[in-house]
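Asks: Take a look at the letters that make up each chain.
Protein chains: 4
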Amino acid sequence: MIIQLAPEVTASEKEAIVAKIKSLEYKTTEVTTHKSRYLVGIGKKEFDIRQLGHMPGIVDIHRVSDDYKLVSRKWKVGRTQVELGDGVVIGNGSLSIMAGPCSIENEQQVRLTMDHLRQNNVRIMRGGVFKPRSSPYAFRGLGVEGLKMWYTLAREAGIKIISEVMQVSQIEAMYDYVDIFQVGARNTQNFNLLDELGKVDKPVMIKRGISGTIEELLYSAEYVFSAGNEKLMLCERGIRTYEKASRNTMDVNAIPILKEKTHLPVIADPSHGIGIREFVEPVALAAVMAGADGIIYETHQKPEEAASDGQQTLDFDESTRLIRRLTKAFELKNSF
Amino acid sequence: MIIQLAPEVTASEKEAIVAKIKSLEYKTTEVTTHKSRYLVGIGKKEFDIRQLGHMPGIVDIHRVSDDYKLVSRKWKVGRTQVELGDGVVIGNGSLSIMAGPCSIENEQQVRLTMDHLRQNNVRIMRGGVFKPRSSPYAFRGLGVEGLKMWYTLAREAGIKIISEVMQVSQIEAMYDYVDIFQVGARNTQNFNLLDELGKVDKPVMIKRGISGTIEELLYSAEYVFSAGNEKLMLCERGIRTYEKASRNTMDVNAIPILKEKTHLPVIADPSHGIGIREFVEPVALAAVMAGADGIIYETHQKPEEAASDGQQTLDFDESTRLIRRLTKAFELKNSF
Amino acid sequence: MIIQLAPEVTASEKEAIVAKIKSLEYKTTEVTTHKSRYLVGIGKKEFDIRQLGHMPGIVDIHRVSDDYKLVSRKWKVGRTQVELGDGVVIGNGSLSIMAGPCSIENEQQVRLTMDHLRQNNVRIMRGGVFKPRSSPYAFRGLGVEGLKMWYTLAREAGIKIISEVMQVSQIEAMYDYVDIFQVGARNTQNFNLLDELGKVDKPVMIKRGISGTIEELLYSAEYVFSAGNEKLMLCERGIRTYEKASRNTMDVNAIPILKEKTHLPVIADPSHGIGIREFVEPVALAAVMAGADGIIYETHQKPEEAASDGQQTLDFDESTRLIRRLTKAFELKNSF
Amino acid sequence: MIIQLAPEVTASEKEAIVAKIKSLEYKTTEVTTHKSRYLVGIGKKEFDIRQLGHMPGIVDIHRVSDDYKLVSRKWKVGRTQVELGDGVVIGNGSLSIMAGPCSIENEQQVRLTMDHLRQNNVRIMRGGVFKPRSSPYAFRGLGVEGLKMWYTLAREAGIKIISEVMQVSQIEAMYDYVDIFQVGARNTQNFNLLDELGKVDKPVMIKRGISGTIEELLYSAEYVFSAGNEKLMLCERGIRTYEKASRNTMDVNAIPILKEKTHLPVIADPSHGIGIREFVEPVALAAVMAGADGIIYETHQKPEEAASDGQQTLDFDESTRLIRRLTKAFELKNSF
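Chains as they are written, first to last, in the UniProt record's numbering: chain A, 1 to 336; chain B, 1 to 336; chain C, 1 to 336; chain D, 1 to 336.
Chain A on its own, in the form it takes in the complex (with noise of 0.2 Å):
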């Protein structure tokens, strides 16, 4: 059960409004966004909701069956719309674009992929400065110096950024120089990291674990929601399986199971989720007819000289080719 609370709710009311729910054998958890106020009533009792519903301070209530409750489609169906300013928007019926490569290397690298992004109208550069490593011995990223090289020319390129943020400490330091704060695959369980996110007043977009299923990418949604954060958005980047002709194996079938449970924008990462050069752009078509908000892919000036990730890396003429098709398809989507 959510009952959103009014604004102008005061203590009584909120009291009587949770000894209520109490009364029903609810735990109730009180929850405030930057943007509303909840409570989150946790209990398996039937009732009829009109005794709640009349209760001054309540704007809405709902019913929702899921365990996870303030991300569910069952409280609101409409659909989330994430804002990064400058008119960009994530989830509003258009398609979102982010590219760049895995890993910031220099000045001229990101210069070049800028200019690259422009040129074909993106407006979201995704790159790593901070990179998780299978071996502690391989290349860690340049840290948050280069976030904030990287963030001068972006706010001059007006191009928002989307970037990694691997632990608790690391947000601080970032918030400054990220547009979007990414949970990477293997952070999607690290609860106290999306506890200190729900605390940020910036989008966060988190992915899927490695081998995580589509019911804990929700929960998980659900922690950073219930922290305080509605600006959210999730990301399918291929899970885990036994085939190994490919790095991960895309499930395309999460992309409209997501769009069915959950009210936030959905992306698909097509250079994760096959992890084969040749084969992204397909891929990548693949997911937005499935039903994508949006697509992130990695691309690079070179990819055969990239710090990481290259053999999955696009360069600029694969790239500007992908955006130009999945434009179309996104188009066709929509007029169905």
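In case anyone wonders, no lab produced these hints; they're calculated from the structure. None of the values given here were measured: they were computed from a predicted structure. Errors might be hidden in some of the hints.
[Unchecked claim] Where chain A lies over chain B, by a calculated footprint (3+ residues, C-beta under 8 Å): (1) 11-23; (2) 240-247; (3) 282-290.
[To be verified] The following label-pair restraints were derived from C-beta to C-beta distances: (4) B/Glu-25 with A/Glu-304: 32 to 38 Å; (5) C/Asp-48 with B/Asp-115: 45 to 51 Å; (6) C/Asn-121 with B/Asp-201: 52 to 58 Å; (7) B/Pro-7 with C/Thr-32: 55 to 61 Å; (8) A/Lys-244 with B/Asn-121: 38 to 44 Å; (9) B/Arg-133 with D/Tyr-175: 54 to 60 Å; (10) B/Lys-44 with C/Glu-305: 56 to 62 Å; (11) A/Asn-106 with C/Gln-311: 44 to 50 Å.
Built from N, CA and C at the ideal position, the CB exists for glycine as well.
Since chain A is already given, all that's left is putting chains B, C and D on it; use the hints.
Replies: Frame of chain A; chains B, C and D shown alone:
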């Protein structure tokens, strides 16, 4: 190594070729299909193929480093087209749609389905008369009698038939009444069945195993081809993973990977690929954008009353809409 | 619901029972095995089984809520013992060891293997004469002629034979020369083969599918039992997972779960379960401690020269040591 | 390549060694643990290690072809022993048992558990005070206050504590009150946490990721070791597969494989490995026979009332029986 023999090759010419191959430490298998004759050489030694190329009786010779040979695109770059007669061709650059019920139930159902298909210019009807069921107590299909009834109606309607063959002894019984033999996901590695289908002069579609790899699927096709039958196509139908939000995980990656590795047509089955009626459409559209040559799906006049698989079966309105959209998506993809 | 019929039940008594069951909205299947006769009732209605219990012709009646019935321990609490003759019994509280090569290769190999088995009091020899191979160009076994040679030597040595049957047509050809028909992991859901093996009066061991569930394995056993053959055992042989450090992932959990769910003996195959020669022993010991009734593994006089599976095959010294240790582990487990 | 430096190595000697390594086109990382100093060389060039062996300041030098280095047995053949003080050692050829509740709940529970452990000579108690939970609305543990209470009682009882640390900020807060930091399955690739635990002079046990590979687990250990902490052990706790009859699939194969690949102790967690109370015992016994150095499992005075994981938790009678049987199985295994 694949050597295509000249139709007029003499016995002594062939002997000389085989002797030469043996001298290179290659094992040879002679393959005679309904279309041509080949020598398949299995070995590892490096040599200059020009040593062989000039020998009388040889039309063409190719190195194939893959472990599957005759189905590899390294040998045959042109795409295989499978002709069903009456102008129905799979793999010729048009979209092949195969639709129909999970199980053939009765004459009225067959008539209604065919009317629906003809109204939408669909030329191939799917349906099972032998049903593999996990439980011995479940409905196992109408058998050959059902197939004959279906065939009679199909010939009148100008519709081609694809139906699953479960064992060697059914091949002869079904032969006169099907246009495509389907090998189901539980029989992908039923090697005796594959061997026998290789002797038949009728198209075969092999479904990927329930948790089969892409490579195993290609090997299974190699069985049929090397036993003599080149009229072959493959079908991606979802794989078994840990994710339980869908019946199977549609491996959309497999489509471009198969198109790269083999010259055989690739069909996608979104009904089994996701297993949820309302999401069959987005998954089917995704498969087309990923490069599938055709789509096979389940439709029934009343899915709620279908003898099997009702939960993933479209009604005729949904099917009509799907066909229209698939056609547009295929056109767009082809325009790229 | 399972009703065991009296041997002397009359036709009219049976009719009356069937009529009564139908009146309860249950579908019935009559099962006649080589041992007994049953009526299996499939339905959902709750009723008092005493309504049936007093009817003439009924020996025993049990509710079975599982979807598999005749193989469930809910019906038959006592363990099934499978007798091979000459005092060799599987499932009687002793440890059954089945060892031998992956493929039967020649007479000398068979003689050496049997000498090794007899020196260690092993009574059952495994070996393949029909080999399912992913590639059509690989060695496919000696066939029935090899089996006859093996059988002749085995009878002299007092050794029982277990060997894989791959298709219906081989059943008759093999019948006189095997003591246990093995259904391989690629045929676990070859329902026609299971049906036919149900008609045979000879023990059958069903291997779990390459990515089969425990439930599917039980259903496959239900096919054989309900078609008439109670002489059945199951085999856990590892499943396909994302982990590639071993050939398969031995599902040691399956052993106690199967022992709880079914009255059939459970055999473990550590050779395929891990696929690495040096680790066959610890996995075999683990399987025994988890409750396996027997172990089937691969051994060869010279594993390096084996026609197939050499990488997971023990030499005779390793095999001797394994048998000694398995025996001790089994004794310890039995003492608990 | 791993070079162990002499304790008395001079700065100029070290420089000379590093220069030599660079001349061989190897990258070097200097590692200082609480125990020793190393240079880890990453490169591919073949060379004669005797070129380095004679240089002053080098104690020992080893090639390690694995991508993980310091945790590999190719370098350190002797087994790592982890000392907890008061004669409690893991990996010294005795069986280490760690038992206790999923969550620490209150003082009475802790006292009852410790009485149970002492009666059975178990020296290490497990328990969570920070609980990773899929849902934000579930019980998340007593926190540091609970840990302090537990610690006080444990010191009186002579019991060592293992407890999960979920984030970097908890390390310092927990440091004085735990004997082993546990890294949970959702944090196996939380590289920042691993880095920080590398700086700590206290044992760490890393659980395998929910669908982590054996290789990834070894890399995660390499993070901790290369950051300075050699007091390390690994834990197999089941992996995520398609099989849903058990919570996870205990990967018993991983035990001998890990023992072969690394010198670190290997612990098994049958509670999570199968997730079903009645089958914890056979799986635990299997793990010991497969070569585990220790077993960690869940026990509670009243499993039905446990705050979490009750369905896989043993009561004290079951726990007592398990300990007795594990001890016997370990003795038998050791006698081989």
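Asks: Are there hints from earlier that the structure breaks, and if so, what are their numbers?
Replies: Result: hints 1 and 10 break, sorted rising.
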